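Engineer: Residues per chain are reported as follows:
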Amino acid sequence: MKNSLITALVLSTACSSYYGYDNIGEMLWNPTVATANDGIYVELPFVGDLLRISLPDGAELPVVSLVDLNGASPERLVSSPDGSRVLVFAEWQECKDDSEDIVFVDDCDYGDLVQHSVLDIVVDGQLVNEVSIPSHLNTVSFSNDGEIVVAYLDYESDPNIEVEGFADLGEVAFIRLDDGSKSSASVGFSPKNVLFSPDGQAVVMSRSQVVAVDLESFEKTLEAPLTLDADQAIDPVDSALAFDSQSEVTTLLLTVKNSSDLYMLDLQSKYWNIGNLGANPSALGVDNSSAQSVFVFSGSSKAVVLDHSNLSTLNSSSLEEVDLEEPSNKVLMGSGFALLYNDANDYVHDVYKLDLQSFELTEYVVGNPVDQMFVTDSGRYAVSIERPESNNGSGIDSYQDARYGLSILDLSSDESVSLVAQSQPVGLALLEDEEKSYALALLEGSDTLLQVDLSNPTTPVEIDLPAAPVAIASMPDGQFAISHAEGLGMLSILDPTSLELRTISNFAAVNLFEQKELPRRGGEE
Amino acid sequence: MNGLLASLLATSSSEFNPTYTLAFETGQLQYNDDDWSLVESWQTSTVGLRFGYSLSQRLEIVSSYQFNEASRYVGGYYEDYYDGYYYDQEVLTMVTENQLTVGPRINFPVLKWMVPYATTQALFLANRLQMGDSLDSDNATTYFQDTAFGAGLVGALGIEFKTRPISGKFQPTMYFEGGSGISTNLDFSIPDIGVDGASMPIGDLSYGGGYFRFGIGSRF
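From first to last, the protein sequence lines stand for chains A and B. Residues are numbered in this note's numbering as their position in the first sequence, beginning at 1, plus a constant of 80. Residues are numbered in this note's numbering as their position in the second sequence, beginning at 1, plus a constant of 35.
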């Protein structure tokens, strides 16, 4: 008996130093943050709260405050283009049983629980408006002035949609941000893209249909079918609005799946015109300064430039075909040029700069397949993140093939430099002043931020970070928010001029031991 | 072995009336908060010492100090569909429990070697929370600690077994007591990260429910 007691006591003490592991299923904080004029907004998925991290005037370190969402839990954050607002996709649960004994979700019978989805509009850390939206709406587009958002379902960006009762998957919600007023329209199955015309219309592409909605009245002004055959499904692939300053006509350019047809819709006359591009386009870009559009084709080594004048009488003279050595499937537009590249085919290493005045083509060859491509605002440089490829070479080629990389393309001197990265780039941001252009690169597992002078990319400046980074986001004031791979929360604000870092940590523990109470909104929904 | 134990217990001396008791003990006061699961997989026992002072054969004042380090990793993964990333996060949490109880114990001696008793004791708590990627604060990348204080009450019925005194000076003893207890909330916060250097709340942990102690020591 004595031995048993001693064993029990020893075991009791030993257990005290055992570190068990609790997989809570959700992260304490989401490193994908939203940046706004007043600070950085951070989701706490596990506790269902929203934090604002701001840098008050004169403060040496950032400070944390809780944003009251009236009991709702944030699901996703989106900053408005001007940084004045943060839109929060959020959910809150209501218990139909209003007994005072029911305080937490667990206290409420499952059958009495009702889930509400809302879009919260947050300004300066305060909830200013809450708009009920169907739970499956997961994407927003901002109007040109940033005052109206269109919320719709983008199934490809997040297939985990939840439906309560019945849901119209073609529903699009129009929300005026200054007062939270909302209107909805059904635009057809699977809305794909939303564009905003200069005359105040939202143009929504969906399967076999294009719908235009007036942004003042939220009334439909146009329903244009892509086919008259109800059995035929035509899915949009890419779209853009082309504005011809001479005729002041705005035309919708629309490419569709498995077709070489280009659909063109004159938004004034509401007439369709259909042209043929000779191959199935994979992407399009519009340069309104030269009134031209560029189409690329993943299955064909060519690019097509479309002149916007006289789109209603499209003929072969409106199309300029440019031959490429290898196919491109993506296009980025700069002022007066297009950058063509391929991020799908591992065997394609070519990047092309196409001058839209002279149609002169400049070819760059990067080290590895392009994963992401960026162009600086000035159009002086392009920077690509490259991924490893199948190791076909030997020697130093093999070494480079097996690694991530970064290429800097000088778009004025037509030179390029390919750098090999020690690990996968997890974030890239570009910044420019009048003289210099820089790339700020973060590498997985590295406690260093690399500031690459794009005019001299081989000698980057290394900035020590307090921990390995996972993401970088630009802030409206020109600073950068760097999220670190720390479970307890760590965020650094980088001043790119002084390269000073101001770091705050531990914020992910806010309300960790606080069970969220059921909101009681007195019948409000 | 059983015969020897019975012999020892049965022949306790009635003339030996020690004033003090010192015992090593272990036990638990049940957690009363789901959030303890973020600190410990299952509740481990505290360990400590009990000191007793006999005012009479029927009445003692007893005081215990109990200590425990409850800790675990908390983490999971988060899939960001929009950016296509998986994030892995892990945090180590530890609560260092310090419990001090003090109160009267009323004895009901029915046999020379066995004493049933009842006790109620005031409970004082000073728990320290540590969180970080490591609890070695000098080498941790993220780390903070905070201490919270609380008070409570425990009540229990117990039974003590005594042996024959040794050299007329010491009397080995063993006891078990069980009952229930309750405490106020221990509120924790993250220091200095709020506006104007304010703390930000983490929330509270508390105790409440079953209580037991097992001790082995000596009267002298």
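One or more hints might be untrue.
To be verified - Below 16 Å or equal to it, Euclidean Cα-Cα: the simulated EDC-like pairs (lysine to aspartate or glutamate) are:
no.	chain 1	residue 1	chain 2	residue 2
1	A	K596	B	D173
2	A	K262	A	E236
3	A	K350	A	E405
4	A	K596	B	D70
5	A	K262	A	E303
6	A	K596	B	D239
7	A	K382	A	E405
8	A	K262	A	D311
9	A	K262	A	E227
10	A	K300	A	D279
11	A	K596	B	D69
12	A	K516	A	D527
These are computed hints drawn from the structure, not numbers from a lab. In this text, all values refer to a predicted model and were calculated from it rather than measured experimentally.
Engineer: All hints are to be evaluated individually against the structure, with a verdict given for each.
Structural biologist: For each hint, the structure was consulted:
1. Using a Cα cut-off of 16 Å, the hinted pair K596/A and D173/B is violated, with the two alpha carbons roughly 34 Å apart.
2. Only pairs whose Cα atoms come within 16 Å are accepted, and K262/A paired with E236/A is rejected, the gap being roughly 25 Å.
3. At most 16 Å may separate the alpha-carbon atoms for a hinted pair to count; K350/A and E405/A exceed this at roughly 38 Å.
4. Between K596/A and D70/B the CA atoms are separated by roughly 12 Å; this keeps the pair inside 16 Å, and the hint holds.
5. Using a Cα cut-off of 16 Å, the hinted pair K262/A and E303/A is violated, with the two alpha carbons roughly 21 Å apart.
6. With a C-alpha separation of about 12 Å, the suggested pairing of K596/A with D239/B holds against the 16 Å cut-off.
7. About 8 Å separates the Cα atoms of K382/A and E405/A, which keeps this hinted pair within 16 Å; it holds.
8. Between the alpha carbons of K262/A and D311/A the distance comes to roughly 33 Å, so the proposed pair goes past 16 Å and is violated.
9. A hinted pair counts as satisfied when its Cα atoms are at most 16 Å apart, and K262/A with E227/A qualifies at roughly 12 Å.
10. This hinted pair checks out: K300/A and D279/A have alpha carbons roughly 14 Å apart, not beyond 16 Å.
11. Taking the CA atoms of K596/A and D69/B, the gap is near 12 Å; set against the 16 Å cutoff, the hint holds.
12. For the suggested pair K516/A and D527/A, the alpha carbons sit about 25 Å apart, so the restraint of at most 16 Å is broken.
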